[in-house]
Amino acid sequence: MNRLLVNSWILLLLYAPWPQSAAAETQLQTIPFSILEERQRGGDHFTQGLFYDGQRWWESSGRYRRSWLAEYTDPGANPVRRKWLARNRFAEGLTVLNDKLYLLTYKAGEVHVYHADKLQHLKVMHYRGEGWGLTSNGQQLIMSNGSGELVFRDPDTFEVVQHLKVQGGGKNWSRLNELEFAQGLIWANIWQEKQIIAIDPESGQVRGIIDLSALNPAGRNHPDTVANGIAWDKAKNGLWVTGKYWKQLYLIRPAGLGFERTSRVSNADP
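For the sequence shown, counting from 1, position 80 maps to 98 in the working numbering; every step adds exactly one.
I should point out that these hints are in silico values taken from the structure, not numbers from a laboratory.
For clarity, every value in this text was computed on a predicted model and none was experimentally measured.
Accuracy of the hints is not assured; some may be wrong.
Straight-line C-alpha distance at most 25 Å; calculated BS3-like pairs for lysine-lysine [unchecked claim]: (1) K141 <-> K125; (2) K118 <-> K252; (3) K118 <-> K101.
Whenever a hint applies, use it, and build me the whole structure from the sequences.
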């Protein structure tokens with residue numbers, strides 16, 4: 019190879035634009051948020067699932083021998099109804115779809131179905147593996163199991179319809195926990211993390227991260243005191259968030275990802 023050609027290659031290597039690093043290409047957006055409201059509640063809730071329909075709240079609280087499902091009109095007041103699970107059942111995530119409430123269990127492989135209005139137990143359906151979080155896109159149930167994969171299920175049979183791998187940000191996502199479907203995205207707590215991630219339900223791509231560190235209650239540094247619980251408030255255009263043993267619920271509004279659209283806000287407390 020002649021000297022002119024060698025020099026040309028050297029100049030090309032020196033001055034050619036280098037591609038961005040993998041970290042720069044895969045860095046995820048941190049989504050800022052504003053706090054719209056704060057509500058007090060009891061500090062004995064081991065929150066696993068949270069749902070709000072604009073008038074009523076449903077919450078599941080875990081642990082063996084003390085798991086329960088409750089309905090509230092005010093999360094700071096006593097429940098309107100409460101159902102205790104069997105002592106050998108550990109309550110997990112819940113959601114409401116078509117007047118039915120679906121409640122997962124941790125390792126029993128059972129999803130319990132209730133009439134949402136009366137918490138009347140209707141039936142039990144079964145699945146393999148662990149149950150963690152549960153939400154709905156209006157047609158199907160969407161379940162997490164502690165992995166980095168979400169499972170779409172038929173609400174009538176609980177049969178698997180689709181698997182969705184969560185990806186993005188150069189991370190191997192895992193420990194997806196409580197779920198909520200809002201503004202066309204799946205919002206997920208990460209177990210033992212102070213984060214909520216926004217997931218595209220079509221591609222599984224993570225669209226952004228909400229850092230809840232600023233909401234961590236003072237003086238509660240126990241490893242079980244983690245962020246868990248997301249409920250969409252459609253009227254107020256925000257997400258109610260809380261955690262296990264947290265004495266507060268916060269209504270936050272993310273900046274973007276659909277929440278920048280204005281909506282009519284009710285003046286009445288839900």
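Verification of the hints:
1. K141 <-> K125: holds (18 Å)
2. K118 <-> K252: Holds, because 19 Å separates the two Cα atoms, which is no more than 25 Å.
3. K118 <-> K101: Cα-Cα ~15 Å, so holds.
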